[in-house]
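Enquirer: Put chain B with the ligand on the given structure of chain A with help from the hints.
Here is what each chain is made of, one letter per residue.
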Amino acid sequence: MKQFGGPALLLDRSDINTDEIIPAKYLTESSKTALQPHLLEDLLLHGKPFNLNDPAVQQARVVATRANFGCGSSREHAVWAFEVNDIKVVIAQSFARIFRQNMFNCGILAVELTENDIDRLFNMKGSLKIEVDMEGSKLVAISDSSDESNEEFTFQLNDFDRSLVEAGGWLSYADAKY
Amino acid sequence: MGKTIAQKIFDAHLRDTPTPDNMVLDIDVVMCHEITTPIAIMDLVEKDMDRVFDPTRIKAVIDHVTPAKDSKTAAQGKIMRDWAKRHGIIDFFDVGANGVCHALFPEKGFIRPGYTAIMGDSHTCTHGAFGAFAAGVGTTDLEVGILKGVCSFRSPDSMRINISGEFAKGVTAKDVILKIIKELTVNGATDKVIEFSGPVVEQMTMAARMTLCNMAVEAGATSGICAPDRVTAEYLWPYIQKDYTSIDEATADFSKWHSDDDAEYVSVIEMDVSELVPQSSFEYKPDQVKDISELAGSPIDQVYIGSCTNGRIEDLRDAAAILKGRKLATGVRGIVTPATPLIYSQALEEGIIKIFMDAGFCVLNPTCGACLGMSSGVLAEGEVCASTTNRNFNGRMGKGGMVHLMSPFSAAAAAVSGVISDPRDYLN
Ligand code: SF4
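Chain order of the listed sequences is A and B. Under this note's numbering, the letters of the first sequence match residues 22 to 199, in that order. Under this note's numbering, the letters of the second sequence match residues 644 to 1071, in that order.
Chain B extracted, bound-state conformation:
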């Protein structure tokens, strides 16, 4: 019987099998941010276990609330900073160099095909876009990861989603994943890996693949995963050129992390995107999704463009295509946060920041900001936000606020019209 990508990665990292259903894996990269890590650090210190398994395999960033907004977040940042220093963690990204973890770490080349990665963050599944097994974990798993470089998982049953067809204008990877979550429901992929495959995925940029994998957890999945190919090799080339003589060679080598033709899946879903139209969530669960036209006309108070889902340069370009020459509708607040400093500089060079500013947007530094309702654009009771983020839970962006998840095109269309709108009406 053939193996899936996830099984191959598990086999290559297996440290222990405490029971037939549980596998303890060696972890290549343990990623840390300032919301879930400080409490792990303090617990390790308290237990006299303040050690790290390998400082070069720990990557740390302050991204959720940055620069610090108050004494408590300042203290969290300081705990991270001091810890990174005392253990010689070189890949630590602080104010000025920091950005949203799931955009920053891939950009730095930290994730490679065949890797295992964990982080105290549910959207760690994003990194599966590189053909890695990447899973969000809690603080205790994170502590064990930091201390021992291992983590335990149940066997990685995979479901495969084959995506084919041609995107219509104004339709993006975000619309695809929203539609998939609607079909699967919020627990349709619990304890499973979702393998995204098919011609549409093969043609996708790494940014689009990351958008897909990012929201796998919203259907309950442990990790999203895409087969690593030439697109992956090209993206990673600056970091892997010492290991390979050419991109071709890297691409060929990556194919060892492809699922076998006779690999076994718990289910295989075929999806044709040709008829897909822009999507938006409604109410408070990410599987509550409709064609955006069905929600058209409902008023919004704020537009938020950014996050690990859609804060990459490709996303800002999409939004700018609609915002160019237009203004925010009266009474609507626009907030954009390029997900990393590199994306910010690219957006500056390409004139995209100016387009956002001319439209009346507030341009934030790279941060998670309002995505999780902790800073930089928290909603008031009863307010509505059109957002490119990934979660619309009750209270997510602020108590009593409502979030509609959508693509950057759709968020930009909402920004200029003041109501949820079909972005295709704004694209020529």
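In isolation and in its complexed conformation, chain A is listed as follows:
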């Protein structure tokens, strides 16, 4: 079973679109690694541009956000931009269909939590580390703040999506099966 988790970056906004995750001008890049420095380059949080050089961004291995994450353009580059930054889990209240599918198609995780759970996660103090237990369909958020206890969350993963993660993505799954 694959291990997913690490330091979390919380993006407190709904409807973050794929143009914000990776702007169209980078769609002419012919390698995924070329996307690495441009992740979330056009993101506005609370009306302000987002600081890409924040160490929290550099260290993040998990991203947590609110509703309708990854809406807009179908560009899988948005998923790759996370992947090449070693972010292999995105947690959200909900995803746009194509983005969610692209995540599982690449064999990485798009986890949906309820609105209450997302609130609970965002209300935690301190910097968070999130460990995902795929088999148990749960995740634990651990804060570095001494007056914050660990919080556990459960999620549901569709069996097909689970098998895509296990197969390492849709291409290997489909190539073996169809």
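To be clear, the hints were calculated from the coordinates, so they are not data collected in a lab. One or more hints might be untrue.
[Claimed, not checked] In silico DSS-like links for lysine-lysine, alpha-carbon gap of 25 angstroms or less:
hint, chain 1, residue 1, chain 2, residue 2
1, A, K46, B, K822
2, A, K53, B, K715
3, A, K53, B, K690
4, A, K69, B, K933
5, A, K46, B, K715
6, B, K1042, A, K46
7, A, K69, B, K1042
8, B, K712, A, K46
9, B, K933, B, K822
[What the hints assert, rightly or not] Have a look at the derived ranges for each label pair, beta carbon to beta carbon:
hint, chain 1, residue 1, chain 2, residue 2, range
10, A, T175, B, K812, 54 to 62 angstroms
11, A, D75, B, R658, 43 to 51 angstroms
12, A, P76, B, G808, 53 to 61 angstroms
13, A, N74, B, D659, 53 to 61 angstroms
Cβ atoms here follow ideal geometry from the backbone N, Cα and C, with glycine treated the same way.
Expert: Quick look at chain B with the ligand alone, frame taken from chain A:
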């Protein structure tokens, strides 16, 4: 229990059901453009899987940045060109023959009622206007489509929007869909198919139905869909006349792709367009929509008329009705791109290109151009564009730029006044 159009299409294409919620469908048409396909091609080559499931069912075009603007876009075009050649993909449209994918492929008759279609492009939902299930996908889905001719979807729950009433002057399908997205919000239709129905849709041209379906994804929908009828049959007639003895016969046959009366919908929304007035988006989400009169007077720097939403001949005629005999307001840049070469020639023949040029517009070749902020009219920081396109995300047409989505009538009214304006004041 009856079935919706989408369910009927799913049933007819079902290859596998890996879990009860996931369906792997056979895909009739895999469409490709030069932004999302080259990376799929290179990945397939690298994995020693450089094959195509059926070259006649793959349609390819260079449309987003064309002719190439720099070395990188030239390389993307070349990868497509070489790939099409090596696999014998005959329906490949390059410079001179190319146009915006979702306008060009329907015009070539590639999409038929009951078809399944995918493309590495979110606005693939446009093709649902023909009674097809058409969905945008990412690169991996595209690779599997190219290689195996299949794609996986969750079950196609449909919502139905019944549109009735009479359009007031200056109100178009674009205003209807903007209003619908405002009501549904940007994720109101996520994982669902939006079926557009009712007397207004039945009377719509294919161009107007494509405008409706085009923006279904802006409410999160997987596909838009309209029941195929006589209008569909007439549009497709040059391509289907060998299959049917008459348009009547084709129309009758298409009715097998109509939803049953007792089909189940997750929701049914009634919409009367009689009171609808011209709409425009504001700020950075396509569900941020107001009556255009509420935004009237806000200044613009550029007008952009084109795209897969509103770059068809009907749209250019609408804009020309306002531009005729008028000039761009001082300081406003006007850009028009007819969506395909055929539309361009029609516009030339009808004198529409001259109207645009006399008004002071720059007439581009068919291309996506500034719609996605990659070429041909990118905005500078702080600039504002009145645009007939479909997306107003922050940075969409250029970093720091703002896009107001509106109909061709409204964009033309903005062009001649220099500020967002109610187009009805310019129509007699
Ligand atoms: S015209 Fe715009 S929205 Fe349509 S396919 Fe091209 S870039 Fe995408």
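Enquirer: Evaluate each hint against the coordinates.
Expert: Evaluation of the provided hints:
Between A:K46 and B:K822, the direct Cα distance comes to roughly 30 angstroms. Violation of the 25 angstroms bound is thereby established for this hinted pair. Proximity of A:K53 to B:K715 is assessed by CA-CA distance (about 14 angstroms); at most 25 angstroms being required, the pair is judged to hold. With a C-alpha separation of about 15 angstroms, the suggested pairing of A:K53 with B:K690 holds against the 25 angstroms cut-off. Restraint check for A:K69 and B:K933: the C-alpha separation of about 24 angstroms stays at or below 25 angstroms, so the hint holds.
For the hint pairing A:K46 with B:K715, the CA-to-CA distance comes to about 11 angstroms; that is within 25 angstroms, so the pair holds. Restraint check: the Cα-Cα separation between B:K1042 and A:K46 comes to about 10 angstroms, which is no more than 25 angstroms; the hinted pair holds. For a cut-off of 25 angstroms, the pair hint linking A:K69 to B:K1042 stands: about 13 angstroms separates their Cα positions. Only pairs whose Cα atoms come within 25 angstroms are accepted, and B:K712 paired with A:K46 is accepted, the gap being roughly 12 angstroms.
Among the hinted pairs, B:K933 with B:K822 is consistent with the structure: their alpha-carbon atoms are about 8 angstroms apart, no more than 25 angstroms. With their beta carbons about 56 angstroms apart, A:T175 and B:K812 fall inside the hinted range of 54 to 62 angstroms. A hinted range of 43 to 51 angstroms holds for the C-beta pair A:D75 and B:R658, which are about 46 angstroms apart. For the pair A:P76 and B:G808, the beta carbons lie near 57 angstroms from each other, so the given range of 53 to 61 angstroms is met.
Taken as a hint, the range 53 to 61 angstroms is violated for the pair A:N74 and B:D659, whose Cβ atoms sit roughly 46 angstroms apart.
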